[in-house]
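S.K.: Residue strings, one per chain:
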Amino acid sequence: MVYLRHIGKYFLMLGQVFKRPQKGRFFYESLIREIDELGIKSMGIITFISFFIGGVISLQTALNLESPLLPDTLIGFATKRSVILEFAPTFCSIILAGKVGSYITSSIGTMRVTEQIDALEVMGINSLNHLVLPKVLAALFFYPFLIALAMFLGILGGWTAGMLSGLFLGTDYIQGIQMDFKPFLLVYAIIKTLVFAFIIATVPSYHGYYVKGGSIAVGKASTSSVVWTIVLIVVTNYFLTQLLLT
Amino acid sequence: MIEVKGLHKGFNGVPVLKGISTTFHPGKTSLIIGQSGSGKTVFLKSLIGLHTPESGTISFAGKVSTDFTEEERRQWRRDIGMVFQGSALFDSQTVEENVMFPLKMFTTQTYEEMLERVNFVLNRVNLDNSNAKFPAELSGGMQKRVAIARAIVMNPKYLFCDEPNSGLDPKTAIVIDNLIKEITEEYGITTVINTHDMNSVMEIGEKIVFLEHGKKAWEGTKNDIFKTDNEAVVNFVYSSNLFKKIRVAQNEKSN
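Going line by line, the protein sequences match chains A and B. In this text, residue positions in the first sequence follow our numbering: the first is 1, and each later residue adds one. In this text, residue positions in the second sequence follow our numbering: the first is 1001, and each later residue adds one.
Here chain B stands alone, though its shape is the one from the complex (with noise of 0.2 Å):
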């Protein structure tokens, strides 16, 4: 479970994120949304320790993370994956070698084992046979399945994404999504996904928190989103056209 209370972080001077609290739970898909500049990407690095707060906390498992150990730090970043926006996989090295990274740099596993480990992830993301391939050659779907295949290859406690749809037809993101959620259930993975896609709302969304100007401004359900009167939430959620037509809809049909 991870624990956040109170989070504060700003740049420059400038505050980006005003006291953030909540909670994620494990084997639960758990959705940031916001506009863009309302502060889910800083939360999000947050998270991972690629900023550190200026005030508040956040707790893995009961632990705070500033109070780890070096020995318990590590470990924290071994039990943590992380699929970046745009894939971050390494562009000089192909597939199987991507993947195998983390393997390689953390365990004392021979080459054989760390294939066998990397062909099992790389089929449990319906990615076979692409091992030779670089990440140049596969498409955006692809590249987000390697990297997922990445971030779940050394069984992590947290997986985190960042976008995860982004740049991906409709059905491709729901394949994608649909991937993270099962993922997340088969190993009780405590999984939390930043996005500003609806559709990944209405897929995946077990938990939902929603971000404005750097303030939680809503929590809730992918049941309680379209029942909330939530001002911000009500604007950002029918900000799309679709939405504000199944909302005319609804409404005609319930008077």
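Just chain A, same shape as in the assembly (with noise of 0.2 Å):
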């Protein structure tokens, strides 16, 4: 009963988020803001764990390639496949999620138990759709630029990797990249980013917004947000990918 509330909560709170801003000209000062907040401060840890993970990738493949009969080219093939399918949109998402989860509630949770939504409220404001909307739309508007960029450097992690390690030749992984070139898989990803971000936006502003109590209250919901979201972003893969790839 309790989920099954909180369920009900979440999606009357998208009701007053997607509203008409009272405001255009505020609401798009808010918008930059939050792209440069959840976006562009997001890039430095996205950049470093995405080269990173890719040069991981084809360290790991490389080394578990035991059969003769296996060209070395299926080591670019399978970093390509795992970061363009799986690492770039779900894993940097649960990074962000942890990132960008705990700022949107500790930020909304604050406001709300030193009354700033109350007093947003008492000037006739719409807070949620003020404070929601453009993070939801920042999320959705920066993530994908944010997942290209670590698809691109997760790539370029595992040719990295490659050539300091000497266990691959660059032309064989350039080639392995270049095999079986699918674009729906991108828009698979892409697909897949956009529902991420909106989980990413959303999940924790619910919390935030709806907390009660002091600094501990605001601490514990964090927490939770970020559990939550993430909770929310595997499962939600695993149906998004029985749904588009099946």
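Source of the hints: derived by calculation from the structure; they are not laboratory data. These figures come from a predicted structure and were not determined experimentally. Ideal placement from N, C-alpha and C gives every residue a C-beta, glycine not left out. All the given hints hold, so there is nothing to weed out.
For lysine to aspartate or glutamate, the following EDC-like pairs were computed, each having C-alpha atoms within a straight-line distance of at most 20 Å:
{"id": "1", "chain 1": "B", "residue 1": "K1207", "chain 2": "B", "residue 2": "E1231"}
{"id": "2", "chain 1": "B", "residue 1": "K1157", "chain 2": "B", "residue 2": "E1003"}
{"id": "3", "chain 1": "B", "residue 1": "K1157", "chain 2": "A", "residue 2": "E121"}
{"id": "4", "chain 1": "B", "residue 1": "K1028", "chain 2": "B", "residue 2": "E1182"}
{"id": "5", "chain 1": "B", "residue 1": "K1045", "chain 2": "A", "residue 2": "E115"}
{"id": "6", "chain 1": "A", "residue 1": "K23", "chain 2": "B", "residue 2": "E1070"}
{"id": "7", "chain 1": "B", "residue 1": "K1045", "chain 2": "A", "residue 2": "D118"}
Far from chain B, some chain A residues (derived; all Cβ distances over 10 Å):
{"id": "8", "residue": "M13"}
{"id": "9", "residue": "R20"}
{"id": "10", "residue": "D36"}
{"id": "11", "residue": "M43"}
{"id": "12", "residue": "T47"}
{"id": "13", "residue": "Q60"}
{"id": "14", "residue": "P71"}
{"id": "15", "residue": "D72"}
{"id": "16", "residue": "L137"}
Using the hints, build the complex out of the two chains.
M.R.: This is how it looks when you write it as structure tokens:
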């Protein structure tokens, strides 16, 4: 029953979020600020992790290809598929759920417990629309770029690892990443990214907006929001994969 | 004028306000007093529309708040200024941005016009040269002044203050009290303040409503409060050692 109540409340919240902003200019300023907070400021961690994970994937693939019948081009191919299908959209979204999710919950939750949200409501401002809509649109707009960057850097990381370790040739790797290119897989990755971006922006907002109590409650809400965001990403990933690839 | 009739409000089946009726007049500073848990904050939040009454009515200038049309509600919101207990300033914005926020949201003024108004109200609350500071850089008293400036920047008809003196030293508290009273009289605002500070009662209590267990237990002026025989009010007022001593001295004098 408790879960059903939360689900209902979440969708009622979305109903308030997706309304026309009261002041267009103010909304665009907020949108730009959120793109910076949620997107630009996440580029560092995504760049760092993508590059190294791409390297690890190519090294692991190279080290586990024991049969001489399997060509080295398979290393580039496997790295590309792993990065595009799962690592970039799913793994990066889980990282963003931790980084951005806790930021969203704690910032909105602090506004709630310090009565800043009440102040907005008293002024006659739709606080959900004012606070959450810019975050949702910023995530939907910017995360596809972030995931595309993660794809590129993951594949580049795989090539760099090969060059530094000498486990495979660069030409084999490049040939491998060109093999069996299916544009739909990119579409699939972008669809997943958009769904995950929506979850990353709205679930932590829900946890922050309805927090009750003080600073400890905000801390607990942040933890809870990250856990639930990751759970939802993983479950949604399963259903989207079945829906789009089978 | 604000007219409250038979206001009831509860949470999860537990009644908090049990049929409160009273009236607040323009140009007067009215105080809601009572012990913690007596329902003061719920009453104030019901007045400003953050809580919906279970029964009873709240009328603003003769119009019942639950009967407002969409446009009337929008206008009513603009007519309200609120000073929260913790000031509720937007901590990511400067003083200037905080005070300018309602103007940006609800007017079509140019930046220069808005800035002129912001500087005027900041000057009115004696807070010049603080435009670029963030709330975290201000003292508690200064934060309260910014909150008052933000509350009056739209020329409200109604000003609500929730414990405006909490966390302030007695001297700053008196400054804030007097500032609210001056603004109330100057602009003819209907001001309602939630407090349990007896100094505020003495300074600015033109009308006092005493709440006990969600009911109005007493109503009067600051001059009446020391003459009343109402036991709950007497217990509340004389719970302070200072007022106890004053009472003893008065009794000795009269004997």
